[in-house]
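Asker: Note that the protein sequences, when read in sequence, are chains A and B.
Take the numbering used here: the final residue in the first sequence is number 495, and no numbers are missing along the way.
Take the numbering used here: the final residue in the second sequence is number 495, and no numbers are missing along the way.
These aren't lab readings, by the way, just hints derived from the structure by calculation.
You may find that some hints are simply not true.
[As the list claims (entries may be wrong)] Calculated lysine-lysine pairs in the DSBU-like style (CA-CA distance at most 30 Å, straight line):
no., chain 1, residue 1, chain 2, residue 2
1, A, 348, B, 63
2, A, 370, B, 87
3, A, 76, B, 87
4, B, 112, A, 61
5, A, 453, B, 374
6, B, 252, B, 374
7, A, 396, B, 252
8, B, 321, B, 117
9, B, 443, A, 374
10, A, 61, B, 117
11, B, 87, A, 63
12, A, 321, B, 176
13, A, 87, B, 370
14, A, 117, B, 255
15, B, 87, A, 453
16, B, 443, A, 85
17, A, 419, B, 63
18, B, 348, A, 443
19, A, 469, A, 255
20, A, 370, B, 63
2 protein chains.
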Amino acid sequence: MAKNKGISGFPEWLPAEKKLEDAVIAKIKRIYESHGFTPIETPAVELLETLSSKGEINKEIYAVQRLAAQSDSEPELGLHFDLTVPFARYVAMHFNELVFPFKRYQLQKSWRGERPQKGRFREFYQFDVDIVSRDELPLCCDAEVVTVLAKGLLALNIGTPCLELNNRKLLLGYFSGLGLSDDIARQAISVIDKLDKIGESEAAQQIEALSVSSSARDRILEFVAPIVSLDQLASVLSQVSLNSAMAEEGAEELLTVASLIPKSVRDHIVVRFQIARGLDYYTGTIVESKITEFPEFGSFGSGGRYEDLVSKYLSKNVPGVGISIGLTRLMDLIIREKLLPLPQLSSARVLVTVLNEEVRKEAEEFAEALRVDGVSCEVFFRSPKLGKQIDYADKKGIPFVVFLDAENSVKNIQTGEQVSFTDLASLKRIVCTEDLQ
Amino acid sequence: MAKNKGISGFPEWLPAEKKLEDAVIAKIKRIYESHGFTPIETPAVELLETLSSKGEINKEIYAVQRLAAQSDSEPELGLHFDLTVPFARYVAMHFNELVFPFKRYQLQKSWRGERPQKGRFREFYQFDVDIVSRDELPLCCDAEVVTVLAKGLLALNIGTPCLELNNRKLLLGYFSGLGLSDDIARQAISVIDKLDKIGESEAAQQIEALSVSSSARDRILEFVAPIVSLDQLASVLSQVSLNSAMAEEGAEELLTVASLIPKSVRDHIVVRFQIARGLDYYTGTIVESKITEFPEFGSFGSGGRYEDLVSKYLSKNVPGVGISIGLTRLMDLIIREKLLPLPQLSSARVLVTVLNEEVRKEAEEFAEALRVDGVSCEVFFRSPKLGKQIDYADKKGIPFVVFLDAENSVKNIQTGEQVSFTDLASLKRIVCTEDLQ
Numbered sequence: 059m060a061k062n063k064g065i066s067g068f069p070e071w072l073p074a075e076k077k078l079e080d081a082v083i084a085k086i087k088r089i090y091e092s093h094g095f096t097p098i099e100t101p102a103v104e105l106l107e108t109l110s111s112k113g114e115i116n117k118e119i120y121a122v123q124r125l126a127a128q129s130d131s132e133p134e135l136g137l138h139f140d141l142t143v144p145f146a147r148y149v150a151m152h153f154n155e156l157v158f159p160f161k162r163y164q165l166q167k168s169w170r171g172e173r174p175q176k177g178r179f180r181e182f183y184q185f186d187v188d189i190v191s192r193d194e195l196p197l198c199c200d201a202e203v204v205t206v207l208a209k210g211l212l213a214l215n216i217g218t219p220c221l222e223l224n225n226r227k228l229l230l231g232y233f234s235g236l237g238l239s240d241d242i243a244r245q246a247i248s249v250i251d252k253l254d255k256i257g258e259s260e261a262a263q264q265i266e267a268l269s270v271s272s273s274a275r276d277r278i279l280e281f282v283a284p285i286v287s288l289d290q291l292a293s294v295l296s297q298v299s300l301n302s303a304m305a306e307e308g309a310e311e312l313l314t315v316a317s318l319i320p321k322s323v324r325d326h327i328v329v330r331f332q333i334a335r336g337l338d339y340y341t342g343t344i345v346e347s348k349i350t351e352f353p354e355f356g357s358f359g360s361g362g363r364y365e366d367l368v369s370k371y372l373s374k375n376v377p378g379v380g381i382s383i384g385l386t387r388l389m390d391l392i393i394r395e396k397l398l399p400l401p402q403l404s405s406a407r408v409l410v411t412v413l414n415e416e417v418r419k420e421a422e423e424f425a426e427a428l429r430v431d432g433v434s435c436e437v438f439f440r441s442p443k444l445g446k447q448i449d450y451a452d453k454k455g456i457p458f459v460v461f462l463d464a465e466n467s468v469k470n471i472q473t474g475e476q477v478s479f480t481d482l483a484s485l486k487r488i489v490c491t492e493d494l495q
Numbered sequence: 059m060a061k062n063k064g065i066s067g068f069p070e071w072l073p074a075e076k077k078l079e080d081a082v083i084a085k086i087k088r089i090y091e092s093h094g095f096t097p098i099e100t101p102a103v104e105l106l107e108t109l110s111s112k113g114e115i116n117k118e119i120y121a122v123q124r125l126a127a128q129s130d131s132e133p134e135l136g137l138h139f140d141l142t143v144p145f146a147r148y149v150a151m152h153f154n155e156l157v158f159p160f161k162r163y164q165l166q167k168s169w170r171g172e173r174p175q176k177g178r179f180r181e182f183y184q185f186d187v188d189i190v191s192r193d194e195l196p197l198c199c200d201a202e203v204v205t206v207l208a209k210g211l212l213a214l215n216i217g218t219p220c221l222e223l224n225n226r227k228l229l230l231g232y233f234s235g236l237g238l239s240d241d242i243a244r245q246a247i248s249v250i251d252k253l254d255k256i257g258e259s260e261a262a263q264q265i266e267a268l269s270v271s272s273s274a275r276d277r278i279l280e281f282v283a284p285i286v287s288l289d290q291l292a293s294v295l296s297q298v299s300l301n302s303a304m305a306e307e308g309a310e311e312l313l314t315v316a317s318l319i320p321k322s323v324r325d326h327i328v329v330r331f332q333i334a335r336g337l338d339y340y341t342g343t344i345v346e347s348k349i350t351e352f353p354e355f356g357s358f359g360s361g362g363r364y365e366d367l368v369s370k371y372l373s374k375n376v377p378g379v380g381i382s383i384g385l386t387r388l389m390d391l392i393i394r395e396k397l398l399p400l401p402q403l404s405s406a407r408v409l410v411t412v413l414n415e416e417v418r419k420e421a422e423e424f425a426e427a428l429r430v431d432g433v434s435c436e437v438f439f440r441s442p443k444l445g446k447q448i449d450y451a452d453k454k455g456i457p458f459v460v461f462l463d464a465e466n467s468v469k470n471i472q473t474g475e476q477v478s479f480t481d482l483a484s485l486k487r488i489v490c491t492e493d494l495q
């Protein structure tokens with residue numbers, strides 16, 4: 059017999075769990091669409107050349123090659139490892155057919171050949187939004203993607219989202235203002251980015267090891283320590299001596315973004331100066347997010363501002379800002395911790411029972427008439443004792459069972475209440491009560 | 059500069075086309091759910107062992123391997139080439155956690171390294187439904203998946219779907235009854251399956267070449283010629299001498315399935331005895347589908363009955379019946395032939411214009427209040443002359459533009475009509491008129 063076990067790092071859900079994932083996707087999608095983002099989808103594969111960065115190809119990329127290909131031929135295709143690289147290639151390729159600012163959302167799987175571990179997968183859904191434009195992209199776009207991330211997480215109703223906002227220019231500029239060279243400043247930022255994990259004394263040691271003076275080290279640790287509400291930001295920044303034009307610019311950007319976050323999500327966003335999000339990619343706004351009830355889980359969604367999307371392909375200046383929600387990680391937590399109830403397996407409101415095979419045709423026509431009238435339903439596939447048929451409805455979460463005989467009747471499985479009905483309209487009224495929809 | 063061209067056989071759509079695809083998916087999904095089918099999703103990859111059939115691995119499968127893997131190591135994973143093989147592995151793996159009859163739908167991409175051509179892709183979506191059960195699966199399930207295929211195609215409103223129904227036992231049994239050996243009968247079926255393409259005289263020659271007597275050949279060609287409405291089926295079959303128990307069984311099955319097709323779709327289904335759908339897989343009911351207006355396009359969706367889903371993995375008897383809609387082929391036709399209008403790029407009902415950057419914060423809060431109230435909207439990202447902002451709304455298909463000033467007003471872009479509004483509720487009434495929803 060062939061193996062039927064799963065492949066490590068490639069999760070799959072049971073039917074009710076998949077249905078829950080679809081519901082979660084629908085909630086996030088509704089938020090994205092309510093802001094006018096438009097969907098795109100790219101193939102699962104890109105040319106390996108497209109997936110390379112500065113000529114380097116990450117060895118954790120999955121290469122894709124027909125089995126029929128010569129065994130000595132080099133693969134040319136790979137599965138994408140995020141949605142940003144395919145998005146960049148897409149924008150370059152369709153540049154003249156897009157409306158700018160281009161606001162897109164994208165829900166697709168990505169693949170990374172990393173070691174699987176709790177909450178980390180080799181195949182995983184990401185759900186991204188980005189806004190890109192030509193030449194210049196104002197900061198209201200940063201505020202919009204941050205807002206959309208907050209609203210997306212809030213819509214899930216699985217705890218209290220907290221977004222942490224920062225600005226790379228502020229961080230890099232502040233460190234430069236303390237006399238750190240660009241290279242040392244970037245290394246110090248890497249240390250700061252790990253502060254939550256390694257703790258302050260370990261961070262202090264690692265910064266000292268970069269030959270940073272102890273006074274600069276202390277000022278760095280003091281600067282990055284506070285967590286600041288959006289409304290306090292101006293006052294906190296006014297008390298810090300920034301000492302560099304870049305830091306001033308970053309502070310100004312952060313204040314502008316903070317000012318444009320609407321009331322509906324302001325309470326869920328703070329500024330935290332120790333957020334850095336890696337080194338090379340982001341150039342201004344950066345954001346991470348937590349669910350307060352699961353502090354150890356890491357970020358559910360993150361992103362930021364980048365100054366250059368398509369220069370690898372086109373001599374155009376296309377800055378952008380975007381966020382990515384780690385949907386599979388999120389679903390894994392939701393399922394494991396039972397944060398949301400599993401939906402009923404069947405979308406049917408009604409199971410039409412079948413007394414015997416002679417009346418099956420009638421039952422099928424009845425069910426189809428119900429569906430045409432907008433009521434989802436199933437017909438039991440055999441005609442055993444009614445108890446067995448009711449059991450099936452119960453297992454699939456179908457709330458009502460219909461019996462077609464001399465006196466047509468419908469039974470609410472949960473309450474046990476059974477009433478007769480005269481026609482489709484009266485049945486529809488019974489099974490489509492508002493509190494159950 | 060890196061290439062930014064697409065990869066042959068790996069289609070991607072422009073944003074409005076993708077939005078149309080999502081709308082098409084939603085329509086088919088609604089039909090599937092109205093019959094109580096439940097979604098599942100499997101990883102893109104399976105073990106190559108799982109993808110093999112009788113120990114043979116199709117060379118057109120795409121193997122997947124980390125670039126970091128030793129170059130002399132054999133790949134173990136491949137992208138699935140259909141949704142049936144992953145479904146079989148899924149059912150075997152989760153057998154004790156599923157409710158039987160298990161009615162599932164599955165929308166995923168598959169990959170085949172075939173030569174790309176018009177309407178044939180290397181990466182493509184399939185949208186499948188199957189019903190499987192333990193030990194025995196009654197014929198009402200065949201009728202249900204055929205019905206669901208017809209309803210799915212009808213829901214798209216892109217022409218007149220016509221489903222062609224047949225039964226493998228009837229075909230094989232009829233040929234056996236004429237004295238053809240099992241092997242020759244199967245070869246003759248392959249010829250019949252191509253009748254539409256090769257024509258009757260070529261088919262006659264190919265059947266003769268199988269050493270079939272000319273009288274048997276004539277009876278075969280006569281038998282497979284008619285196209286029969288469901289209501290005429292009994293009368294047509296009663297005039298044919300079937301000459302074998304297998305043919306009688308197939309005829310009985312076909313009659314039962316035909317009798318259970320509901321009125322709502324009966325006019326879109328015929329029986330056509332020359333439909334065979336390949337050789338080894340299907341064992342009873344088979345179905346193909348056309349859109350009458352595009353006869354040259356081939357089948358939009360097809361499927362049939364199989365007796366054995368999981369025996370490769372489990373010593374269980376799991377018969378099933380299912381259909382698969384070739385979604386990417388369908389979308390390619392819809393887009394190429396403009397069979398459906400492209401949706402507006404933005405889901406927003408309203409663009410909130412921004413007179414100058416001083417009032418941006420107010421505009422953003424206004425827009426967010428609208429969204430909280432259920433009205434999707436965008437805020438223009440800069441504050442150029444209003445004409446430019448209205449142009450953007452026009453390009454993105456946003457029907458209304460709002461101006462916030464001393465007298466707040468809203469303009470219908472298409473009619474040019476502009477009226478003032480006093481509060482959110484009155485604006486909502488204007489922009490969410492029923493005929494535009």
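Asker: Check each numbered hint against the structure and report the violated ones by number, ascending.
Answerer: Result: hints 1, 2, 6, 7, 8, 12, 13, 14, 16, 17, 18, 19 break, sorted rising.
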